[in-house]
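**Student:** So the sequences go chain by chain: A and B.
8 is the number that my numbering gives to position 8 of the first sequence; each next residue is one higher, with no gaps.
68 is the number that my numbering gives to position 68 of the second sequence; each next residue is one higher, with no gaps.
Mixed in with the good hints there might be a few duds.
[Unchecked claim] Below are the SDA-like pairs computed for lysine to any residue, each with C-alpha atoms no more than 25 Å apart in a straight line:
#1 B/Lys5 <-> A/Met1
#2 B/Lys59 <-> A/Phe142
#3 B/Lys57 <-> A/Gly19
#4 B/Lys95 <-> A/Leu120
#5 B/Lys95 <-> A/Phe142
#6 B/Lys57 <-> A/Lys94
#7 B/Lys57 <-> A/Arg165
#8 B/Lys5 <-> A/Ala110
#9 B/Lys57 <-> A/Ser162
#10 B/Lys57 <-> A/Glu169
#11 B/Lys59 <-> A/Leu112
#12 B/Lys5 <-> A/Val152
#13 B/Lys5 <-> A/Glu169
#14 B/Lys57 <-> B/Arg11
#15 B/Lys5 <-> A/Arg164
#16 B/Lys59 <-> B/Val113
#17 B/Lys5 <-> A/Leu112
[Claimed, not checked] Selected chain A positions facing chain B (in silico; Cβ < 10 Å):
#18 His7
#19 Leu9
#20 Met47
#21 Pro48
#22 Glu50
#23 Val88
#24 Glu91
#25 Pro92
#26 Leu124
#27 Lys126
#28 Leu171
#29 Ile175
#30 Leu178
These aren't lab readings, by the way, just hints derived from the structure by calculation.
C-beta atoms are modelled at their ideal positions from N, C-alpha and C, and glycine is treated no differently.
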Amino acid sequence: MRELALHILDVLENAVEAGATRITLTIEEDSARDRFTFIVWDNGRGMPPELADRVLDPFVTTRQTRHVGLGLPLLAAAAERAGGGVQVRSEPGKGTEVSASFQLRHWDRAPLGDLPGTLLAVILGKEGVDLTYVHRVDGREFRLDTAELRQVLGGVPLTHPSVRRWLQEYLQEGIAGLQRPFE
Amino acid sequence: MPKIKSLDDLRRIREEAQQGLKVRLETGTRIIVGMGTCGIAAGARDVMRAILEELDKRKIDAHVETVGCIGMCSCEPLVDIEQAGHARVTYRNIKPDMVPRLIEEHLINGRVVEEWVVGRLPAS
């Protein structure tokens with residue numbers, strides 16, 4: 001995967017597949033500490049400790065459709081080659097938290113990529129899942145909570161074409177606003 | 001400079017959207033994009049975006065959803081189209097530049113694009 005946004009999408013889709021109704025994505029970019037981290041928390045079905053300890057092994061998966069699970073091992077490889085790593089904490093019936101860290105200015109750190117596209121795929125792709133997204137770049141913050149948006153929208157779904165367009169532009173503007181002009 | 005989007009814009013959208021909402025919620029068309037690790041790595045996110053843009057452009061109402069891996073990783077990105085009263089058709093190896101033809105042929109002209117089909121489920 002060539003973008004961190006694709007890894008983030010993969011972890012978010014894992015949360016959806018685990019039956020989560022609430023997902024939180026927190027992204028922190030900290031120039032002073034030279035760190036890029038993202039954390040995905042979900043309230044899905046969770047995993048027992050013996051499985052959570054082994055999910056970075058590509059030959060471990062809960063799926064019946066195939067015998068390999070490459071998403072988290074690929075993320076771990078991407079993080080490790082950029083001076084970071086991946087941690088998975090999980091509890092059955094409570095949920096799962098995946099955190100990944102990278103050296104922000106590492107030569108091998110993939111670019112963030114199309115984050116609005118990633119968020120839209122998750123927000124529009126499954127009804128009944130609420131996503132809180134918090135993104136901090138050197139102290140500036142952009143936040144979006146689909147539960148709040150649903151309140152504003154009354155019965156109008158997030159998938160309505162006009163809402164979809166608003167979401168896309170809101171995310172693009174919000175994320176672009178976090179980036180400091182080149183110094 | 002473009003105006004920054006705000007929640008006030010969203011409130012205005014709600015007022016306008018509630019007019020045609022009943023019709024929209026009753027649309028019988030679902031488009032399902034495989035978004036497992038294999039689908040993502042093969043470009044499913046960009047395919048989904050192309051589908052949403054094409055539906056917007058042609059003013060077609062359809063529910064676009066995602067689904068995890070179904071075990072046909074080499075055929076990703078997979079796109080299923082399901083319409084009330086018709087078989088659910090699964091298309092294989094769909095790229096963003098194939099989407100306009102897919103939408104036009106399947107949804108507008110009512111013709112399945114046979115050379116891209118990998119499977120069918122009979123109408124329920």
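**Student:** Now tell me if each hint is right for this structure.
**Tutor:** How the hints compare with the structure:
1. For the hint linking lysine 5 of chain B to methionine 1 of chain A, the alpha-carbon distance of about 31 Å lies beyond 25 Å, and the restraint is violated.
2. For the given pair, lysine 59 of chain B sits about 31 Å from phenylalanine 142 of chain A by alpha-carbon distance, which is inconsistent with the 25 Å threshold.
3. Between lysine 57 of chain B and glycine 19 of chain A the CA atoms are separated by roughly 33 Å; this puts the pair beyond 25 Å, and the hint is violated.
4. With a C-alpha separation of about 18 Å, the suggested pairing of lysine 95 of chain B with leucine 120 of chain A holds against the 25 Å cut-off.
5. Pair hint lysine 95 of chain B plus phenylalanine 142 of chain A does not hold up; C-alpha atoms about 32 Å apart against a cutoff of 25 Å.
6. Restraint check for lysine 57 of chain B and lysine 94 of chain A: the C-alpha separation of about 42 Å exceeds 25 Å, so the hint is violated.
7. With a CA separation close to 12 Å, the supplied pair lysine 57 of chain B and arginine 165 of chain A stays within the 25 Å bound.
8. Distance hint between lysine 5 of chain B and alanine 110 of chain A is unfulfilled; the C-alpha atoms sit about 29 Å from each other, more than 25 Å.
9. For the suggested pair lysine 57 of chain B and serine 162 of chain A, the alpha carbons sit about 12 Å apart, so the restraint of at most 25 Å is met.
10. Straight-line distance between C-alpha atoms of lysine 57 of chain B and glutamate 169 of chain A comes to about 16 Å, which keeps the hinted pair within the 25 Å bound.
11. Pair hint lysine 59 of chain B plus leucine 112 of chain A does not hold up; C-alpha atoms about 32 Å apart against a cutoff of 25 Å.
12. The suggested pairing of lysine 5 of chain B with valine 152 of chain A holds, with an alpha-carbon distance near 14 Å, which does not exceed 25 Å.
13. About 7 Å separates the Cα atoms of lysine 5 of chain B and glutamate 169 of chain A, which keeps this hinted pair within 25 Å; it holds.
14. Among the hinted pairs, lysine 57 of chain B with arginine 11 of chain B is consistent with the structure: their alpha-carbon atoms are about 23 Å apart, no more than 25 Å.
15. Of the supplied pair hints, the one linking lysine 5 of chain B and arginine 164 of chain A holds, its CA atoms being roughly 13 Å apart against a limit of 25 Å.
16. For the given pair, lysine 59 of chain B sits about 21 Å from valine 113 of chain B by alpha-carbon distance, which is consistent with the 25 Å threshold.
17. Straight-line distance between C-alpha atoms of lysine 5 of chain B and leucine 112 of chain A comes to about 23 Å, which keeps the hinted pair within the 25 Å bound.
18. Restraint check, histidine 7 of chain A versus chain B: the minimum CB separation of about 9 Å is within 10 Å; hint holds.
19. Hint on leucine 9 of chain A holds. Least Cβ distance to chain B is approximately 6 Å, under the 10 Å limit.
20. The beta carbon of methionine 47 of chain A is not positioned within 10 Å of any beta carbon in chain B (closest approach about 16 Å), and the interface hint is therefore violated.
21. Look at proline 48 of chain A: its Cβ only gets to about 20 Å from chain B, farther than 10 Å, so that hint breaks.
22. The beta carbon of glutamate 50 of chain A comes no nearer than 22 Å to any beta carbon in chain B, farther than 10 Å, and the hint placing it at the interface is violated.
23. Proximity of valine 88 of chain A to chain B is violated relative to the hint, the smallest CB-CB distance being about 15 Å (cut-off 10 Å).
24. Contact between glutamate 91 of chain A and chain B, as hinted, is not supported at the beta carbon level, the nearest pair being about 22 Å apart and thus beyond 10 Å.
25. A hinted interface residue such as proline 92 of chain A counts as satisfied when its beta carbon comes closer than 10 Å to some beta carbon of chain B; here the least separation is about 20 Å, so the hint is violated.
26. Look at leucine 124 of chain A: its Cβ gets to within about 6 Å of chain B, closer than 10 Å, so that hint holds up.
27. The interface hint given for lysine 126 of chain A is met, as the beta carbon of that residue sits about 6 Å from the closest beta carbon of chain B, less than 10 Å.
28. For leucine 171 of chain A, the interface hint holds, the least distance from its beta-carbon to any beta-carbon of chain B being 9 Å, beneath 10 Å.
29. The interface hint given for isoleucine 175 of chain A is broken, as the beta carbon of that residue sits about 12 Å from the closest beta carbon of chain B, more than 10 Å.
30. Interface restraint check for leucine 178 of chain A: the shortest CB-CB distance to chain B comes to about 13 Å, outside 10 Å, so the restraint is violated.
The earlier numbered hints that this structure contradicts are 1, 2, 3, 5, 6, 8, 11, 20, 21, 22, 23, 24, 25, 29, 30.
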